[in-house]
Amino acid sequence: MLGKTANGLFWMSRYLERAENTARLIETGQRIALTRLGSGEEEWIPVLQSAGSLDGFHDAYETPGQEAAVDWMLRGRDNPSSIMACIASARQNARLVRTAITGEVWEAVNATYMMARELLARKVSERDLPAVLAAIRQNTALVRGMIHGTMLRNDIYDFLRIGTFLERADNTARILDVKYYVLLPSVSAIGSSIDNVQWESILRSVSARGGFRMEYGSEGGPQEIAHFLIFDKRMPRSLAFCVGKIKDNLRYLNASQPKPSQSQKLVTHLETAYLSHGIDQVFEYGLHEFIEKMLELLGDLAGQIQLDYRFYE
Amino acid sequence: MENQKIFDEMWGTEDSLREPYRKFQTWFDSEDPARLRKKQRDAEELFRLTGITFNVYGKAEAEERLIPFDIVPRIISGSEWFRLSRGIEQRVRAINAFLHDIYHKQEIVKAGRIPKEMISQNEAFLPHMIGVEPPGGVYTHIVGIDLVRTGPGEFFVLEDNARTPSGVSYMLENRETMLQMFPELFSQNRVQPVSNYPTDLRRSLAACAPPACEGKPVVAVLTPGIYNSAYFEHAFLADKMGVELVEGHDLRVVDGRVAMRTTRGYRPIDVLYRRVDDEYLDPLNFNPDSALGVPGIMDVYRAGGITIANAPGTGISDDKAIYSYMPEIVEFYTGERPLLQNVQTWRCSEPDALAYVLDNLEELVVKEVHGSGGYGMLIGPTATKKDLAAFRRKLKARPGNYIAQPTLALSTVPIFSRAGLSPRHVDLRPFVLCSPGKVDITPGGLTRVALKKGSLVVNSSQGGGTKDTWVLED
Numbered sequence: 001m002l003g004k005t006a007n008g009l010f011w012m013s014r015y016l017e018r019a020e021n022t023a024r025l026i027e028t029g030q031r032i033a034l035t036r037l038g039s040g041e042e043e044w045i046p047v048l049q050s051a052g053s054l055d056g057f058h059d060a061y062e063t064p065g066q067e068a069a070v071d072w073m074l075r076g077r078d079n080p081s082s083i084m085a086c087i088a089s090a091r092q093n094a095r096l097v098r099t100a101i102t103g104e105v106w107e108a109v110n111a112t113y114m115m116a117r118e119l120l121a122r123k124v125s126e127r128d129l130p131a132v133l134a135a136i137r138q139n140t141a142l143v144r145g146m147i148h149g150t151m152l153r154n155d156i157y158d159f160l161r162i163g164t165f166l167e168r169a170d171n172t173a174r175i176l177d178v179k180y181y182v183l184l185p186s187v188s189a190i191g192s193s194i195d196n197v198q199w200e201s202i203l204r205s206v207s208a209r210g211g212f213r214m215e216y217g218s219e220g221g222p223q224e225i226a227h228f229l230i231f232d233k234r235m236p237r238s239l240a241f242c243v244g245k246i247k248d249n250l251r252y253l254n255a256s257q258p259k260p261s262q263s264q265k266l267v268t269h270l271e272t273a274y275l276s277h278g279i280d281q282v283f284e285y286g287l288h289e290f291i292e293k294m295l296e297l298l299g300d301l302a303g304q305i306q307l308d309y310r311f312y313e
Numbered sequence: 314m315e316n317q318k319i320f321d322e323m324w325g326t327e328d329s330l331r332e333p334y335r336k337f338q339t340w341f342d343s344e345d346p347a348r349l350r351k352k353q354r355d356a357e358e359l360f361r362l363t364g365i366t367f368n369v370y371g372k373a374e375a376e377e378r379l380i381p382f383d384i385v386p387r388i389i390s391g392s393e394w395f396r397l398s399r400g401i402e403q404r405v406r407a408i409n410a411f412l413h414d415i416y417h418k419q420e421i422v423k424a425g426r427i428p429k430e431m432i433s434q435n436e437a438f439l440p441h442m443i444g445v446e447p448p449g450g451v452y453t454h455i456v457g458i459d460l461v462r463t464g465p466g467e468f469f470v471l472e473d474n475a476r477t478p479s480g481v482s483y484m485l486e487n488r489e490t491m492l493q494m495f496p497e498l499f500s501q502n503r504v505q506p507v508s509n510y511p512t513d514l515r516r517s518l519a520a521c522a523p524p525a526c527e528g529k530p531v532v533a534v535l536t537p538g539i540y541n542s543a544y545f546e547h548a549f550l551a552d553k554m555g556v557e558l559v560e561g562h563d564l565r566v567v568d569g570r571v572a573m574r575t576t577r578g579y580r581p582i583d584v585l586y587r588r589v590d591d592e593y594l595d596p597l598n599f600n601p602d603s604a605l606g607v608p609g610i611m612d613v614y615r616a617g618g619i620t621i622a623n624a625p626g627t628g629i630s631d632d633k634a635i636y637s638y639m640p641e642i643v644e645f646y647t648g649e650r651p652l653l654q655n656v657q658t659w660r661c662s663e664p665d666a667l668a669y670v671l672d673n674l675e676e677l678v679v680k681e682v683h684g685s686g687g688y689g690m691l692i693g694p695t696a697t698k699k700d701l702a703a704f705r706r707k708l709k710a711r712p713g714n715y716i717a718q719p720t721l722a723l724s725t726v727p728i729f730s731r732a733g734l735s736p737r738h739v740d741l742r743p744f745v746l747c748s749p750g751k752v753d754i755t756p757g758g759l760t761r762v763a764l765k766k767g768s769l770v771v772n773s774s775q776g777g778g779t780k781d782t783w784v785l786e787d
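Residue numbers (the working numbering), protein chains in the order written: chain E, 1 to 313; chain Y, 314 to 787.
The shape of chain E in the complex, shown without the other chains (with noise of 0.2 Å):
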């Protein structure tokens, strides 16, 4: 495979997983808007932080308000990370690699940006945002599931994967690292509704409200959702399981080769050193530190299957 191609499966399925993942975090926050329990415009600069579009939201308009976050996320011209600008990244690797990926998963690369097109073309309302945040969402899984069912299990498919993975466990430690405090012992006035809240909307924002309903019952709290969200292998978001995914692919991709790659070096250590322990332990290190060790472990580790796989010259 080109390294250009590796490169453009990796980013096609980064794009498509943020797209998705901001859509989710949209959705939580207009959620936390309408229980006017967050205290509105302030309650949005977290979930831009958290979606990485923060920077030049202010300038783009006169009054930041919640409007303006959700248009800013939505289909901001000057925001890289809005959903329009992942969705058109999307296409745009997909046709750079429009000869490693099958006709289907194209087509429907192709239709979630058509789709995207027509549905952020002008500012969507707030009686609309549900429904074309739901259609991003059916769109982006429709992709993934034309990838789980039409592509070859080889070199293709683990690029794609690492992209997905990589994308979704920075996704979730942004969230908790904008969000930590909320999970901090000391903080944690129990049982306050403002804490419920925080605490729901973490778990909304990586659809994880369910499963840890179907863990801990009623009982969990702070501790409980940061380990969930850290630790568990089964929680499809977790760190946890998505540097698993990456590791496993990283394997696959090595299979042939008699020395482990760089890149396989550094996730085995990142599982080893930061992953194998207990939620006492993340505490006593500081969630904070341990959050933010995450995000650069992560970005090292992109930069290192970049070098590893000749994505550039």
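Quick caveat, the hints were computed from the structure, so don't treat them as lab data. Incorrect hints may appear among the rest.
Partner residues are not named here, just some residues of chain Y that face chain E (Cβ under 8 Å, in silico) [to be verified]:
#: 1; residue: Leu362
#: 2; residue: Gly364
#: 3; residue: Ala548
#: 4; residue: Leu558
#: 5; residue: His562
#: 6; residue: Met573
#: 7; residue: Arg574
According to the in silico footprint, chain Y covers these stretches of chain E (three or more CB under 8 Å from chain Y) [to be verified]:
#: 8; stretch: 1 to 8
#: 9; stretch: 95 to 106
#: 10; stretch: 110 to 121
Every residue gets a Cβ at the ideal spot worked out from N, C-alpha and C, and that includes glycine.
On the provided structure of chain E, position chain Y as indicated by the hints.
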């Protein structure tokens, strides 16, 4: 031209249904126009979804556009095609022999059949190719011959596209779309398939592997990139052939071979189907500013390290000034009378011809010798006074830059319009593959149609559309 009756390929000149269209006509009459209109929209949706678009140059928004597709097929009988394909084969063989000759002994010049300066002063003549033996002896691996028709048996060659002809993806996708929308038409009519083209193309390219090739030839398609107007086609062909689609920055010369950067290091390429013009192919040997090519590829080529398809320097054979010598060229190399006719051509470099062209400008079509795509041409009968005056000035200033041809009464084929079937002018570009000793012609080709009533310009960049082209089994 007004007193000439225009030949319609469905209805002839006397309004009587021609045989190849008989079954189609019966089908069409029994169809509900509303259903057909819906199908026409479905077709468009299908094209948009599969991404069969082209980028329009010079548009601010760099928009991707669809080439309009018309659902009425252009139908050619088996016997018509047989005659046509023999003529095409003869012409393509002559072009290859001509290219070999002018880059070697130049016997055609010595024999006085072509003036020396037509070669030596021609911008499309590539001195780097002198004495070079292309692998397998093939210069034009892929040719698209543009044909027009004026009567039942009257086909003329308008242009020989021997550089990097495009449009073959439309030929294939138009057929796919028709099969999907109107399967019943294909059980009623026995239409010769076109779908083997990508397989034939790959085989034909692999058959021209260079001396340095070891084992199974590695083929790749070289594209200028995602912003090129024909990027879709480049990706389409690479995909259908199952080969890599590469850009200049994926390639470099490694150990005397052109190699592509893979996730496992550099891997040599044997045959490069390039969709990049000669000028941009090699910044070391040609345009030093080109970022689209591979520095040093010409040196590898000359040393037998890679096959470039089409070979560099083939442009001289589809040059519009050389075009006017094609009948001589065919006779000189094949020893036969040309089976396909040329359109009468005035070379404005010749004073008598120039005088005639200036006197009759409003009846002629004037083209730039090196132009293509319908840009920079004048269609006398429909031109404004201002256009005519402007072209008079251009002709006087640089006569050698132009040729002129009569305005042909191009045949029409109906399109499906609001009013039902309406005749529109068409041309035809069959695609030809050359491998050592062999010429393969896909039955059919790309039919381009001028969608505007009365218009003779079929180019997609100028508002033309396309049709599926059927060759029937007789």
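How the hints compare with the structure:
no. : hint       : result
1   : Leu362     : holds, 5 Å
2   : Gly364     : holds, 5 Å
3   : Ala548     : holds, 4 Å
4   : Leu558     : holds, 5 Å
5   : His562     : holds, 6 Å
6   : Met573     : holds, 6 Å
7   : Arg574     : holds, 5 Å
8   : 1 to 8     : holds (count 6)
9   : 95 to 106  : holds (count 6)
10  : 110 to 121 : holds (count 3)
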